[in-house]
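Q: In case you want the letters, here they are:
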Amino acid sequence: MGEFALRRLLLSLTALFGVVSIVFVLLHASGDPVTLLVSQDATRDDMERIRQAYGLDQPLGVQYVRYLARVARGDLGYSFRQGLPVAELILERLRATFELALAGLVVAVGVGVSLGLVAAAWRGSLWDTAAMTVALLGTSVPSFWLGLLLIIVFGVHLGWLPISGYGGLAHLVMPAVVLGGFYGAQISRLTRASLLEVLAQDYIRTARAKGLSGGAVLLRHGLRNGLLPILTVLGLDFGRMLGGAVIVESIFAWPGMGRLAVQAVLARDFPVVQGVTIVGAAVFLSVNFVIDLLYGWVDPRLRASAARA
Amino acid sequence: MGVRAVSAGVIAAILLMFLGVGTSGRAQPRVPEALVVAQGVDIQTGDPHKTTLTHAMNVLANIYDTLVRRDADLNLHPGLAVSWRAVDSTTWEFRLRQGVRFHNGEPFTAQAVKFSFDRMLDPRTRWPGAGALRLIKSVTVVDDYTVRFTTERPWPLLPRFLGYYGMIVPPGYLTQNGDEALARQPVGTGPYRFVRWVRDDRVELEANPAYWGGRPRIGRVIFRAIPSESSRLAELLTGSVHLINLVPPELFRPLQLSGRAKLVPGRSLSVFFVIYNLVNIPPSKPLADRRVRQALNYAVDRQAILASVMRGVGSPVGTFCTEVMLGCDTSVGGFSYNPDRARALLREAGYADGVDFSITTTSGAYPGDRDITLAVADQLARVGVRARVNVTEYGVQLRTVQARQLAEDGWFTRFTDFFGLSYIIPFRAFYSRGEWSLWRPGNSQFDQLVESADAATDEARMREVSRRIQAMYLEEAPAISLFTAPNVYGMHRSLEWTPRPDLLLTMVDAAWK
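Residue numbers (the working numbering), protein chains in the order written: chain A, 1 to 309; chain B, 310 to 822.
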């Protein structure tokens with residue numbers, strides 16, 4: 001197990017290094033950042049001053065090595081635009097982002113597993129069709145559309161929920177539904193497929209033969225074993241929710257990392273873009289690392305095959 | 310475009326619901342407890358010497374004061390300075406207001422003024438606006454309540470510049486706590502005190518009871534950052550937000566129809582242009598011929614574009630300035646819509662078969678940008694100009710223009726002059742050495758005129774030179790001048806506030822009806 005963990009860790013760190021490097025190259029490939037650091041009323045002198053102040057006049061190689069050294073120390077630099085440490089800016093948003101992603105995960109699991117369960121239990125029935133139609137809608141309706149729809153109905157028309165902003169639980173409901181709904185729809189299809197596969201196994205037949213009730217078989221034997229692949233997907237989905245909630249955050253004015261990232265991109269605030277991407281990748285890799293460990297722990301066969309590989 | 314169009318559709322749906330329900334429904338409290346203002350973007354920093362971005366300036370103008378205050382007509386009034394006079398041609402003296410304190414209790418004196426300007430002009434501060442005040446050579450303290458500004462050359466317009474730039478910061482607070490403290494927790498002398506800032510969510514302010522201009526009428530102001538236009542409008546319609554700025558043209562009608570809020574257009578210091586790419590242009594190219602450049606100007610029906618794309622908000626611009634700008638002579642006129650004259654000029658220049666013309670534009674960087682460009686292209690087509698439109702990313706466009714590597718014949722853009730002086734836009738966009746100028750090598754006579762406007766020793770002289778720049782601009786036509794960019798607000802019906810051309814959201818001027 002120890003070696004397995006170490007292997008996985010090294011793999012994650014290599015991936016992170018790759019991310020750090022690629023981000024650096026891509027951003028500098030897009031041109032001279034100074035032009036966009038200033039507004040249209042800046043003079044040439046202003047631009048030259050900024051270029052020197054941020055070391056942008058140095059050769060790219062020097063900038064890269066300096067940057068790697070700083071990142072290794074956990075220093076993500078200073079925001080061009082905000083004059084504050086990038087790490088601080090990210091930390092501030094991390095909380096809101098985690099709250100939203102967690103709530104989204106709860107919605108995704110709640111919606112996904114229950115829809116999948118219904119569909120699998122009543123396979124081929126009207127319930128199955130209904131549940132899978134909902135799932136299809138969930139994956140195909142764009143999130144900005146669903147978000148605006150919810151705003152109209154629950155925010156403007158009924159006035160039950162606050163339209164946007166960050167605050168109590170009420171503020172969390174609509175963004176979580178929009179964010180989690182999409183992943184929930186995917187999970188429901190996965191749950192259904194996985195359950196059907198498990199339900200076809202011999203031990204299920206044995207359980208049935210023992211005279212256990214349909215519900216008990218479905219939940220205790222079926223769902224428990226069928227959840228394994230769902231766990232992996234949830235790990236990935238959670239990682240995506242942490243990083244990819246940009247549209248949801250914009251519609252609901254949620255102060256998360258996605259918005260920080262978008263604004264930084266628009267403002268060409270290099271250190272922030274780099275910082276958000278690196279932290280986002282680190283979080284994603286950590287979540288996957290934990291899922292890997294969990295998986296190896298749950299299923300010893302995986303450890304063995306990883307050791308052979 | 311897709312998302313925007315659908316959003317507009319959704320907004321229409323919101324309104325249909327409202328109209329269906331009727332407006333008698335939920336009664337809003339007549340005077341909300343706090344005034345909530347929503348912009349698309351949060352402030353980036355609480356330090357006024359680190360940014361010039363409009364969204365930040367809009368909020369910071371409530372916390373900080375400048376020496377000179379401008380009203381909504383851009384007239385100058387005493388601010389932290391009670392009076393000012395020119396001692397000689399390169400020295401301005403400002404008498405300061407006494408008994409003013411910063412929000413942290415620190416007294417405001419001449420020292421604070423010197424400290425603030427030294428900080429703004431210090432290259433290490435990296436203030437992007439420093440270029441505008443580059444003519445200030447030094448600031449000296451005469452006594453506790455008198456300062457003198459020495460300028461590199463005569464600069465009669467200094468007080469005008471100080472009506473927008475030059476926010477005064479507390480020296481004690483900064484020396485003690487450092488720059489980052491001010492970025493997180495702004496401290497000024499202004500009408501509102503900083504309370505709380507949740508990044509990307511809200512900035513909360515409360516009235517400064519000791520404000521030298523009298524306690525503001527509205528006690529609490531919250532600036533919220535809501536990126537989505539439709540969400541901002543929805544919040545305004547439900548009454549949880551009371552003022553939104555920069556309403557895009559596609560939302561004008563829905564907002565008016567709603568009956569829940571009012572649409573208030575303000576005057577504008579922004580002008581839309583299609584600027585020709587004249588960098589080292591060979592004489593064989595059509596645009597090298599002044600008559601072709603003029604012809605394209607005659608070919609554009611500005612009123613028609615205003616009516617369709619801009620929903621009737623905005624006014625055609627003759628040259629490069631708007632009527633609010635000091636020195637802009639509106640009697641100079643401009644190019645009227647005259648397709649026959651356009652065709653005749655093209656024939657005269659030897660292009661009876663028309664010309665090819667390509668424009669780059671951004672999409673969503675300015676309200677209506679892409680649609681305006683398409684409309685312009687469509688109108689050019691009617692006089693035989695085969696216009697092609699390329700949509701590009703804002704940053705890419707600025708970069709290619711800056712590097713003078715624009716591949717197209719022109720670029721659609723907007724220029725804003727927050728100082729309200731007519732010669733600033735030509736100085737940046739048409740003066741051959743201007744940061745954004747694509748008129749190179751340009752016209753030396755035009756360049757001289759712009760330089761002498763900048764160096765004018767008095768306002769009258771500046772007005773005169775400015776009028777001549779306008780006339781020459783019409784003659785040379787380095788761009789297609791279009792119209793003013795909209796400066797439109799959505800407001801709660803019981804809020805009273807006059808929009809400012811410089812876009813600042815100065816809530817000290819606001820009141821509940």
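Calculated from the structure, these hints are not laboratory results. Treat each hint with caution, since some may be false.
[What the hints assert, rightly or not] Selected chain A positions facing chain B (in silico; Cβ < 8 Å):
id	residue
1	A87
2	V156
3	A253
Using N, Cα and C, we set each Cβ at its ideal position, and we do this for glycine too.
Q: Under the constraints set out in the numbered hints, which ones does this structure not fulfil?
A: 1
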